[in-house]
Amino acid sequence: MISANLAAVFYLVSGILFILALRGLSSPDTSRQGNYFGIAGMIIAIVVTFLSIGNFSTSLVYVVIFLVIGGAIGAFIAFKIPMTAMPELVAGFHSLVGLAAVFVAIAAFLNPAAFNLGNVGNIKLASLIEMSIGAAVGAITFSGSIIAFLKLRGIMSGAPITFSGQHILNLILGIGIFVLIFYLCKTQSTNIFWTVIIISFLVGVLLIIPIGGADMPVVISMLNSYSGWAAAGIGFTLENTALIITGALVGSSGAILSYIMCKAMNRSFVSVILGGFGADNSTDSKKEKKDQKPVKSGNAEDAAFLMKNASSVIIVPGYGMAVAQAQHALREMVDKLKKNDIKVTYAIHPVAGRMPGHMNVLLAEANVPYDEVFELEDINNDFANSDVAFVIGANDVTNPVAKTDPKSPIFGMPVLDVEKCKSVLFVKRSLSPGYAGIDNELFYKDNTLMLFADAKKMTEDIVKNLD
Amino acid sequence: METDPFIFRLSIFILSIFIGYYVVWSVTPSLHTPLMSVTNAISSVIIVGAIIAALAGTSESIFNTSSIFGFIAIILAAINIFGGFLVTQRMLQMYKKKKDKKK
Chain P
1 MISANLAAVF
11 YLVSGILFIL
21 ALRGLSSPDT
31 SRQGNYFGIA
41 GMIIAIVVTF
51 LSIGNFSTSL
61 VYVVIFLVIG
71 GAIGAFIAFK
81 IPMTAMPELV
91 AGFHSLVGLA
101 AVFVAIAAFL
111 NPAAFNLGNV
121 GNIKLASLIE
131 MSIGAAVGAI
141 TFSGSIIAFL
151 KLRGIMSGAP
161 ITFSGQHILN
171 LILGIGIFVL
181 IFYLCKTQST
191 NIFWTVIIIS
201 FLVGVLLIIP
211 IGGADMPVVI
221 SMLNSYSGWA
231 AAGIGFTLEN
241 TALIITGALV
251 GSSGAILSYI
261 MCKAMNRSFV
271 SVILGGFGAD
281 NSTDSKKEKK
291 DQKPVKSGNA
301 EDAAFLMKNA
311 SSVIIVPGYG
321 MAVAQAQHAL
331 REMVDKLKKN
341 DIKVTYAIHP
351 VAGRMPGHMN
361 VLLAEANVPY
371 DEVFELEDIN
381 NDFANSDVAF
391 VIGANDVTNP
401 VAKTDPKSPI
411 FGMPVLDVEK
421 CKSVLFVKRS
431 LSPGYAGIDN
441 ELFYKDNTLM
451 LFADAKKMTE
461 DIVKNLD
Chain X
1001 METDPFIFRL
1011 SIFILSIFIG
1021 YYVVWSVTPS
1031 LHTPLMSVTN
1041 AISSVIIVGA
1051 IIAALAGTSE
1061 SIFNTSSIFG
1071 FIAIILAAIN
1081 IFGGFLVTQR
1091 MLQMYKKKKD
1101 KKK
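First to last, the sequence lines map onto chains P and X.
Residue numbering for the first sequence follows the numbering used here, starting at 1 and increasing by one per position.
Residue numbering for the second sequence follows the numbering used here, starting at 1001 and increasing by one per position.
Chain X on its own, in the form it takes in the complex (with noise of 0.2 Å):
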């Protein structure tokens, strides 16, 4: 009997909570802002969905109901990808310590 590829997605789900569990933990407190705008980013990954919807219009119509919901949450998706990354690393430029030249 062959296995479901659903069990292989929920294997690698669940494995990747235990992950998360254990990579969230050792995160220092002080940069718990900075990891809530980066998983913001690293969740706007659904974009791939976006694109996929965004690039089933055919020839003679781009724009159908489906594919115009995928453009939507293209631009969503992306205003999260460049404003998660660009201000996570706008904060963790700011994270000097004691010997760093000070502006």
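Isolated chain P (complex conformation) (with noise of 0.2 Å):
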């Protein structure tokens, strides 16, 4: 049994254990040392809630037995999760702290008195609407990220689904949510309470279904930091500062990643939010037209020719790449191509792929160094002085269009220049258009060659005509 002062001074160390956790990331070798900054955060904060209850009667055991049978089914899932199911598995996760959130708010709200909270019917209006606030953004944070989930593991289609007054549907609810709370602080009624729970859980639904696949890097940053404004709620209820520290550090943590999300598809926040990009079709009669124009196709053979004569090659990996699984085959490629002294390097745009980095923990997955690896800034000029580009199931952060076409839906968004390239190696199925259902000049270019095939079999297919 310690002290409410000692064990506050715990958690505000569990705090600080938890900002180093973040900052270890800022390089790949400070990394593995800041996960384990996480760990004993979390470690410190478990055994001080522990001991600052003194309850080690049956129920303590209830307790260990529940967080060893959660502890047992998250190590499983840990370890048997393949790379490219993450984006699906981070919105998973999300949905849980959200209904986590929701449950230790439903729990104050049934008995105030455990958390000091005041009594039944009578609980402290500060605190009745912290937890009401927390149990909401949580309630949003899980259907919201369910949906996501659904969406990413292609259960549910991921094409927007929008319908008329969408938009004033959930201004109505937004705003009813916020004037249920205020009856809850002045009536205290039960009822009410489950009604905020309820509508907030729709909400969640409705504020994702209209957003489309490709935006779905903003959706999972956006349901992050959802997911750490939930916590902090519940922090400020609890009155405990680790909670109150890590919803603020989660919270920002994801705003920023939407950000740099939307900046780097030149989008606003809102217009992702409001949703329904890509289901539009007036550019469909467009696109016919230009289908007839020639495009340059080729086979592994050509490909491999190509590369073996470049002396530098840059690789653009996009999201066909993580659905074939391409990426071990594209670095038993690039090996081979090293072995010519060949060289060769990544170019990553921010938001290939469907969550931020996914990209990258993919190719490191291969095995790739992450000095090969670079961002668009750090490599945008390189494609100038380069012989071959080699884009593999990336396509609109490709489109030059973007820097030319001011009609152009993606117009603004910024590109790698691929198309500076001597020559352009394009992996692709088909000549459907990406996301953004726009057609991608790069495909009629001269110095393009299409290669039409499954990212991963074409890239096994030239790793054998390089031999």
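These are computed hints drawn from the structure, not numbers from a lab.
No experiment lies behind these values; they were computed from the predicted model shown.
Just so you know, not all the hints are guaranteed correct.
Unchecked claim - Distance condition first, Cα-Cα at most 27 Å in a straight line; then the derived BS3-like pairs of lysine-lysine:
(1) 296/P / 1097/X
(2) 343/P / 457/P
(3) 1096/X / 339/P
(4) 445/P / 1096/X
(5) 1097/X / 343/P
(6) 80/P / 1096/X
(7) 124/P / 1097/X
(8) 422/P / 1096/X
(9) 338/P / 1096/X
As the list claims (entries may be wrong) - Okay, the calculated bits of chain P under chain X, using three or more residues with CB under 8 Å as the criterion:
(10) 23-36
(11) 348-361
We put the CB at the ideal spot given by N, CA and C, even for glycine.
Join these two chains into a complex; the hints should help.
Right, here's the structure in full:
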């Protein structure tokens, strides 16, 4: 049994360890150490909680049992999950944080005395506001993340689902939540509390269904942020420093990531949230006309020949590489090229893939050293001095139209200057447009050779031809 | 006049947002995925609330409505804590420099 003051000091320590955990991620070298700080912070927080409650009855046994069950499930998932499934895993984890926040808020509402918040029907006003906000944000995080999970997993179509009056409905529900919280404070009614939670679940669903597949990096970051704010809300209720610090850290982390992702697509946060991007079919007629333009297509042999005679190659991976799981074959190809003294680097667009850093993780999984992998702004000038750009599974992020056509929906989006390379190899299944629903001018350039095939199969064939 | 403790907590909260702002901007973009999984893990420190709720049951009734929500929240948060930290660790192990041994 330790005093409340001592416990508070330890919670502060664990909060600081969490800050160090994030700080460690500034470079891959320090990142592993950072993760240990995070684990240490978590252990301190849990042990201190046990000690400060000082209840070592049978309840504690159950707590430990449940902890072990959850831990075992978590560990199992962590070891089994393939790296390509990381976006849906993160979305799934967000939903759990959200639901946990909701349940803690419910527990506190039903038994406020255990949390020193007053008595049933007479909960302190500030606590009531904090817990209902925590519960509402947690519920939105939960249902929103579930939808994101289903979309990423492919169980639900990634296409935006929109209906008229959607935004008005969301607005009304949002205002409704605040009005209900206001009445909850006046009446302390259990029914209103439940209603707030149910409406929030609904808002979470409505918020995410209109957002399409390639906007997922923003959505995941945003839900990350929400899960932080929910934790912070509960932290205020429990008067717990560790939770408040963590909530603020996670909240701002998610917000910054959303900002970076939006900027990389040159879209405003509001327009992503309002959704419906890519659902619009007005560009179809234009596309059909363009399809008649001549395209040069080649096979693995041509590609191998081109690359063998190059002195530098830049690889541009995208979501298609993740879908085809081509990262290992790609590494094999690069190894062969390097043996021929060809300089190979990787160029990654911030929104390549379905979540921030998605491509980097996949390349790391395939044992690609991280100092060969470059971000857009660090490598974009190199395309002009390189012989071959190998675009594998990326599309919109290489479209020069973003720089030339002010009418294009992606105009102004920072893109990789792939077309400046002497030649471009473009691995793609067909000429179909990317997510933005627009044609890629790159396909029709003289120096572009299209390789129509599955990314993994094509890469493997190139490897064979490099011998 | 005494300051309401809430103000102290609010100060901590706001300062932490600023710390988070600067710390997260310094995270290298190639580690953005591990950043998300580790923030996931640490936000599960919400488990302390779940533990308090779960331990609030009396010895006659370990499971009452409030503590049951606590117990379920413990499972959810524990999945996240173990899953989050371990998967982050697994990812970070993969980030290697050029000179490192390749398996």
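Each hint tested on the structure:
1. Of the supplied pair hints, the one linking residue 296/P and residue 1097/X is violated, its CA atoms being roughly 37 Å apart against a limit of 27 Å.
2. The straight-line distance between the Cα atoms of residue 343/P and residue 457/P is roughly 23 Å, inside the 27 Å bound, and the hint therefore holds.
3. Distance check on the hinted pair: residue 1096/X and residue 339/P sit about 20 Å apart at the alpha-carbon level, within 27 Å; holds.
4. Taking the CA atoms of residue 445/P and residue 1096/X, the gap is about 37 Å. The hint is violated against a cut of 27 Å.
5. Under the criterion of a C-alpha separation no larger than 27 Å, the hint pairing residue 1097/X with residue 343/P is consistent with the structure, at around 16 Å.
6. At roughly 21 Å between alpha-carbon atoms, residue 80/P and residue 1096/X fall within 27 Å of each other, so this suggested pair holds.
7. Note on residue 124/P and residue 1097/X: the hinted pairing is violated, with a Cα-Cα distance of about 54 Å set against a maximum of 27 Å.
8. A threshold of 27 Å between alpha carbons decides the hint, and for residue 422/P with residue 1096/X the separation of about 31 Å lies outside it, so the pair is violated.
9. Taken as a hint, the residue 338/P and residue 1096/X pair is honoured in the structure, with Cα atoms around 18 Å apart against an allowance of 27 Å.
10. Residue count for the stretch 23-36 of chain P with a Cβ under 8 Å from a Cβ of chain X: 9. That meets the three needed, and the coverage hint holds.
11. Look at the stretch 348-361 of chain P against chain X: 8 of its residues bring a Cβ nearer than 8 Å to a Cβ of that chain, three or more, so the hint holds.
In this structure, the hints that do not hold are numbers 1, 4, 7 and 8, in rising order.
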